Structures are given as structure tokens and as C-alpha cells.
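Below are the chains, spelled out letter by letter.
Protein chains: 2
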Amino acid sequence: MSEIKHILVTNDDGVSAPGLLALAQEMRKIANVIILAPDRNWSGSGHVKTLDRPLRIKEVTLSDGTTALTSDGAPSDCVALALLGYFDEKIDLVVSGINPIANLGHDVTYSGTVTAAMEAIIWEVPGLAFSLGTNDNHPQPLDYSSAAIIARQVVEKTALHKLQSGMLLNINIPYLPLEQIKGTRITRQGLRVYRDRLDRRVDPRGREYFWFGGDAPTGTPEEGTDVGAVAAGYVSITPLQLDLTMYSAIPTLGDWGWDNPQISSK
Amino acid sequence: MSEIKHILVTNDDGVSAPGLLALAQEMRKIANVIILAPDRNWSGSGHVKTLDRPLRIKEVTLSDGTTALTSDGAPSDCVALALLGYFDEKIDLVVSGINPIANLGHDVTYSGTVTAAMEAIIWEVPGLAFSLGTNDNHPQPLDYSSAAIIARQVVEKTALHKLQSGMLLNINIPYLPLEQIKGTRITRQGLRVYRDRLDRRVDPRGREYFWFGGDAPTGTPEEGTDVGAVAAGYVSITPLQLDLTMYSAIPTLGDWGWDNPQISSK
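Going line by line, the protein sequences match chains A and B.
Residues 0 to 265, numbered by numbering that gives the first Met the number 0, are exactly what the first sequence covers, in order.
Residues 0 to 265, numbered by numbering that gives the first Met the number 0, are exactly what the second sequence covers, in order.
There may be inaccurate statements among the hints.
Unchecked claim - Reference excerpt, derived from the structure (chain B facing chain A, CB under 8 Å, subset only):
1) GLU2
2) HIS137
3) ARG187
4) THR244
5) MET245
6) ALA248
What the hints assert, rightly or not - The list that follows gives simulated cross-link-like pairs (lysine to any residue, SDA-like), each with its CA atoms no further than 25 Å apart:
7) A:LYS161 to B:ASP135
8) A:LYS89 to A:THR157
9) B:LYS4 to B:ASP195
10) A:LYS89 to A:GLY165
11) A:LYS28 to A:ASP195
12) B:LYS181 to A:THR251
13) A:LYS161 to B:THR251
14) A:LYS57 to B:ALA158
15) B:LYS4 to B:LYS89
16) A:LYS89 to A:GLU2
17) A:LYS89 to A:ASP71
18) B:LYS181 to B:THR251
19) B:LYS4 to A:TRP257
20) B:LYS89 to B:ALA158
21) B:LYS57 to A:ASP195
22) B:LYS156 to A:LEU141
23) A:LYS4 to B:TRP255
24) B:LYS161 to A:ASP242
Simulated from the structure, these hints should not be mistaken for lab results.
Only a predicted model underlies this, so the values are computations on that prediction, with no experimental measurement involved.
A virtual CB, placed ideally from N, CA and C, is assigned to each residue, including glycine.
Use the sequences and the hints to build the structure in full.
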């Protein structure tokens, strides 16, 4: 573990979320922990770089009496603040979470938890995103203790092996007692099935407004995928990259005859 | 062109941006155009799904006298509002832009322009993102006329060939007079080089605040990449997908011995 001295802990639910505290407490067993997390919930916020306003950082006390820093930026802003030099310490690893809801399939580009880890690899620091494998209908409060222990074990493994440059890990942990988790699967991104509906309402002044409503997303629990692994009771570890190129489509698109476009102003 | 009857035009710079108007005007030559764009600038906003507040939609008049709709949501929210049923018309294609600054390499997950097209393919509608191949030091105002004509030609080509499911196109157009554009290249995502620095300031009340500053990003103009194509004077068309799995890493990670994790609470 000699290479991981300082771990930055962040999340997308805000600094006071219980999932962040559980994660930070386990990380403290293996490294120095620095917390810089948003001052509010940024779920579904995507990969943000705040350029149109300045950001503030302030100190808060968490419920276990420890100190954390919070900013009015998004999760990815918190990571950029930390990695661009807010701290004197060199950050060796960024961990994000533990998110109370699974980040599976297409969730990854929306997810503040995952995009925090994306921001880490932009600045060439390994990034790990942790989520419970639950959906948003799960009864509260959630118990993060098993997931936090697994998060620590994943970090220890990562420290031993070193992540390759440009790769982040998206980790979803079944919401089960530790002894009921069957093991770990290295997975590919599966298929998320969104079931949003547009909920049209009228305010007391007669004006329309709109909620994204509908049921929580489901997924296709295929063998080899994140969705499948969590559904079967395994920890899912998906290696992700920021190269979104659909390589298989390049030859096909090339055959469309783009090289001699008929360029005219009509 | 019979398949593309209704085109949704959106952007991340806000409904009054000249790039949107130029794009909408060219699209009107080939289809019915519906505009639903944010009421403010959302550059660098990422892939957003606004769930914590309702969204409003209102009508505005653009500078050419035509009518557009605007919402207080992000670009991807505008797309979701449209595709989840705000309009009676069936939207056949979503086009986003024209962004005044290039969206190359790692920009794609940050970019409101590109994430609008991502949202389209989530709902199984083809999505195209258009950007000028400039950086943010370019003198204003910009002339979008060449780029808009090329955007129309790309849409016409797309209508002929049909995009495969799950694929969006990220199109960057060199900022050159039409006759100086050399042609079109189908590219992979290249390497963006960010040069952000943390700019620490003190407000009139003695409290610190932080800007992300530094120079505009550059890129490595490799052959075959988006960065390389635009630098060489070609329109860059990059097919993108929402599967971020780093497939090449799955076997390596599997060899780390995850299958029998030592699960203990200590």
C-alpha cells in the first residue's frame, strides 16, 4: 500500500450523506483521507466543469466528529479542485460514493458518482466509483457497512496491481450482508432500461410544469454485464474508459462516400 | 429524406445563440424544425437528468422572427422533454449545436452539445452534435454559415443511410470558408490536452474563491483522430457509443484474483 498515501473521498449526494462517511471511515484504515464533496445533492448531474462562476470551499464537521471540506461545485469540480492544487498533499487515488442507488449500464454518463472518477483519470489519478446495487424504491435508511468493507478491499487490490492509465473502475455492490455476497465479477456495461415518463402538471397559477417521472429503471441481467452480476449477488467491477468511439462503425460510415462531399451553398 | 420529417434542434449555449439559429435555418430546408433549447448557457454541463425540480417550457421569438421553445433544464433535459412526449409530432432526428468551440477528445462527456445527442440515442432517436473546430480564443462574432451547410449535408447523408442503433455522431467542422474545407474524415476520439489551472482569489470580504483558469485546451493532432482531422482542414465525424467498457482490460482485471475475495470485517 506504499503508493497510496492520500485518498480523496467525494460523492454526488453531498458531504453529509451516510454513504460518504462509511466509505471515508474504511479508507482511513489504509491511508490518509481527504474529503472534498459537494454541499448539496448532484445526482444525475453528469460530467461538469464549472466555468461560469467561481467556486467556494468551506470546512464542515461530519457526524463522526471528523472534518471534511465541501464546495458549491459538482462532484467532478470537487475532484478538479483537489487535483489542480487546492491541497498540498499529492492525491494518489480518488474514490467516489458510496452511492445509495446502482450505477449500471447507461447510468454512467449521467452519474455524478461515476463522473467524479472520470475527472480523476482526466488528471491521471486512478478513480473508483462505488454504488450500492439497489434501486430507488429501497427502504431507508440503508446500511453501507458491507459495501464499505468491500470498497476497502477493492482499493487494496488496486494498490497492489496499479490501474492502467485512462481506466476508471465502476463498482456496484449488491445490497446484501457481507457473507451473502457471492464474490466478484469483472463485467462489461450492460443494458439499462429506463422507464421515465413525462409528468405534466399545472401550478396554482394555472401554468404548466413538468417532472420526469415513471418507474425506476430496470436492466437486462445478461451474463457478463454489470446488471447481471449484481442481480446474481456478485460485486460488479466494470473497467471504463473515456474513449467513446464506436470503432466498429468507422468502416461502415467511411463507405457512405464522405470523401467527396458535394459542397455547394444551395 | 422521407424518413426525417421532424427534426428537434437544441444546443448548450441557450436558445438565442447564433449557432442554433444557423443550424435551424438550414434544417428547415429539408424537414419540419422544432426548437427546444435551454434558456441559458449550459456549456460544460455534462449529461444531466433533472429530477430534483420540475421544468418549465416557454415560447420565445428568435432574431429571424421564428418561434422557438425554451426550458430551464439542461440540453439533455430538453431532448428528454421532447422525446418523452411534450410534442405531438414524432421526432425523427435530434441535432445539437452549432457549438462555437470544438468538442474533441475527452470533451465529449463534458459537452452539453454532445450529451444532448447522447440523450437522443437513450430514447432510440438518432442524435448528431455539431461544433465549430475553433478554440475559445477565436475572435467574435463567428460566422456559422459554412458549418450550417455542412450540417445539412451530413443530415441528408444520414437520412439516406440510417444510423445504427446506439450510435451518435460527433461532428466538428473546421472554421474555414466552405471552399477551403478539404473534405470529410470518419475519425476516432483523439487526445485532448487540458491546460486548466486553479486560480485562487480573495473577495472584497477577505474570503477565498476559485476559478478554473489556464489556457484553452489543445490536442494531439494524430492521424485518424478528430483532433487531427480538424487541424488538417477536414470535417471530422466521430461515431460514438454509450458503452464505455474498456474491453481490453477485462482479462487483466480478471487475473487479479477477485473470484475468492477474502471477505472479512477486519
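Structure-based check of all given hints:
{"no.": "1", "hint": "GLU2", "verdict": "16 Å, violated"}
{"no.": "2", "hint": "HIS137", "verdict": "16 Å, violated"}
{"no.": "3", "hint": "ARG187", "verdict": "4 Å, holds"}
{"no.": "4", "hint": "THR244", "verdict": "4 Å, holds"}
{"no.": "5", "hint": "MET245", "verdict": "4 Å, holds"}
{"no.": "6", "hint": "ALA248", "verdict": "4 Å, holds"}
{"no.": "7", "hint": "A:LYS161 to B:ASP135", "verdict": "36 Å, violated"}
{"no.": "8", "hint": "A:LYS89 to A:THR157", "verdict": "18 Å, holds"}
{"no.": "9", "hint": "B:LYS4 to B:ASP195", "verdict": "43 Å, violated"}
{"no.": "10", "hint": "A:LYS89 to A:GLY165", "verdict": "19 Å, holds"}
{"no.": "11", "hint": "A:LYS28 to A:ASP195", "verdict": "41 Å, violated"}
{"no.": "12", "hint": "B:LYS181 to A:THR251", "verdict": "21 Å, holds"}
{"no.": "13", "hint": "A:LYS161 to B:THR251", "verdict": "11 Å, holds"}
{"no.": "14", "hint": "A:LYS57 to B:ALA158", "verdict": "52 Å, violated"}
{"no.": "15", "hint": "B:LYS4 to B:LYS89", "verdict": "8 Å, holds"}
{"no.": "16", "hint": "A:LYS89 to A:GLU2", "verdict": "11 Å, holds"}
{"no.": "17", "hint": "A:LYS89 to A:ASP71", "verdict": "22 Å, holds"}
{"no.": "18", "hint": "B:LYS181 to B:THR251", "verdict": "42 Å, violated"}
{"no.": "19", "hint": "B:LYS4 to A:TRP257", "verdict": "23 Å, holds"}
{"no.": "20", "hint": "B:LYS89 to B:ALA158", "verdict": "16 Å, holds"}
{"no.": "21", "hint": "B:LYS57 to A:ASP195", "verdict": "22 Å, holds"}
{"no.": "22", "hint": "B:LYS156 to A:LEU141", "verdict": "51 Å, violated"}
{"no.": "23", "hint": "A:LYS4 to B:TRP255", "verdict": "22 Å, holds"}
{"no.": "24", "hint": "B:LYS161 to A:ASP242", "verdict": "23 Å, holds"}
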